[in-house]
Amino acid sequence: MPIIEVKKLSKTFKVKIKEKGIKGSIKSIFKPKYKTIKAVKGISFEVEKGEMIAFIGPNGAGKSTTIKMMTGILYPDAGSIKVIDYNPVKQRKQLAYNIGTVFGQKEQLWTHLTPYDNFKFFGAIYDIPNSRVEKKIEELKELFELGEFINTPVRNLSLGQRIRCEIVASLIHEPKVLFLDEPTIGLDPVVKENIRSLIKRMNKEYKTTIFLTSHDVGDIEKLCKRVIIINNGTIVLDDTMENLKYHYLNKKIVDAKMREKVNLEDEEGITILKDKGYNLKIEVDTRKRSVADAIKLLNPDNIVDINISNIPLEDIISNIYKKEDKK
Amino acid sequence: MLTEVKNQIRVMALSTKYSLMREMLNKVTFISNVFFMILNNASFIIQWLILFSLKEDLGGFTLKEVILLWGVAASTFGISRFFFSSAFKLSDTITNGKLDAFLVLPKDVLLSVITTDVSVSALGDMIYGYIMLIVYGITVENFITFTILTICGGLIVVSISVIFSSLSFYIVKADLVSDTANSLMTNFATYPDTIFKGITKMILYTIVPVGISVYLPVRTIIKFNVYNFFIIVVLCIVLMTIAYMVFNRGLKKYSSSNLMISRV
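If you're matching them up, the sequences are chains D and F in order.
Residue numbers for the first sequence follow numbering that gives the first Met the number 0, so the first one is 0 and each next one is one higher.
Residue numbers for the second sequence follow numbering that gives the first Met the number 0, so the first one is 0 and each next one is one higher.
Hints are supplied without guarantee of correctness; some may be wrong.
[Claimed, not checked] Just the calculated beta-carbon pair ranges, DEER-fashion:
hint, chain 1, residue 1, chain 2, residue 2, range
1, D, Asn-150, F, Asn-247, 37 to 43 Å
2, F, Thr-146, D, Tyr-33, 16 to 22 Å
3, F, Phe-35, D, Val-14, 52 to 58 Å
4, D, Ile-28, F, Phe-51, 43 to 49 Å
In short, the hints are calculated from the structure, not lab data.
Even glycine gets a Cβ: it sits at the ideal position worked out from N, Cα and C.
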């Protein structure tokens, strides 16, 4: 049985439009004009218990609006949402006891307090008895390696340490579903990797369902097995990460260092990405020409060094975004 | 239900405690904020001293009554701004989509939002109120009446701010309306109500109910009247209920935002 069920969900915003300059401002007082923006247009999807799902899309695609409706922050205009048997519109409080949220851009911790005091505060918010909170803090302290700074005021922590504390604060009440909105924003690659492995470990240990939005392809690739892509308020792809790569990875990048120059300009299925004399970078469309065939064209005896790679996932995703924008 | 109320009050008390702890981080700033507010209020009494040296009474109020009026007004506003400081920034909180953090928590949104901050200078107002009561002539009876009625007055002031701030759910720049209402509640509070007549007086007992938060309590402390006492308590409950309903109705229109926000 799915833990999250979203059916035909829609949300529109009414935005005031104003002509430029002071004249426009005066005009808008007496004759205001509005336009309706359809942020989410009847989307439907389901998430199974324990799943780690990436919910991605370009800026303004409707990701945040959808998450906000799923967590009870915004009221939908149409459609239905069920998260762990709760309707966020009617049962916001009951739902809040069972979900956790981490918004990478919005801090929920008191900066003058230590993480320990903050966790105690969150324990009180979720009505957890003191003894149980202390036990949970101890457990999460070990899992998220907070030992060194659990008694240092939050304002003196590094961004990576803060995010770890934000995640722990959202786990104090053992939520069944955790919404992570860009949890690694602004972090350096080492800390990002650390946060990712902690999220993975948490999903494994507590079977927490993770609903992740991120612009960082690394987060998506390393954490999630399923991806939902939303653009212009509609779902444009809902598939496993494996399928996404399989269907969209029909192009290979061949980066070769040559002994002699080769001309591949008019060859079918080959696009020259870079040609700097003896260094050649080509894209092979495997539906039209095999990689082996392309290497034959280069002449294996002529190759000094070669590197064959897939198109980065980032490019695949941005191609999907662009394709949808053109429609 | 009772446990829920108990837990909500516990979180509100913790929130106030932590906010106070934050303000106390800098001892000098904390003490000077409180002290200068007392001094600031005291300076106004000098104006009244000069006025009463020229005229014996003003609309039936002598210096003694004006001192009590200032005490009630200061304590009323002190209570509202110390415990519910964020109620006076509610318009900005709604307009800039800062309610998100409260909506994902299993507690009442309005009560959580308005108790998230304290105003240290308001502590000076509260203390000043009791100093004025001492100067007026403190007794056990008027101390109890003063305390209960200034708490009611404080809650009325907060309710008015919540009602006007909730307009921000529907219109842009509603902060101008709520700021005006809050200013009117303060500006009219330190004058004897007997100097106001007609429509002004009607407004002061309806739209901007300074009459119920300050004037009526002053009269009740001067000469205890069960009927007046009862009216103030009942109207306080009515206004709180209206504020709660108006806010929660508006909450359905809340449109959030994607601003970068931190809790400081």
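Evaluation of the provided hints:
no.	hint	result
1	D/Asn-150 with F/Asn-247: 37 to 43 Å	39 Å, holds
2	F/Thr-146 with D/Tyr-33: 16 to 22 Å	50 Å, violated
3	F/Phe-35 with D/Val-14: 52 to 58 Å	44 Å, violated
4	D/Ile-28 with F/Phe-51: 43 to 49 Å	47 Å, holds
When the structure is compared with the earlier hints, violations turn up for hints 2, 3 and for no others.
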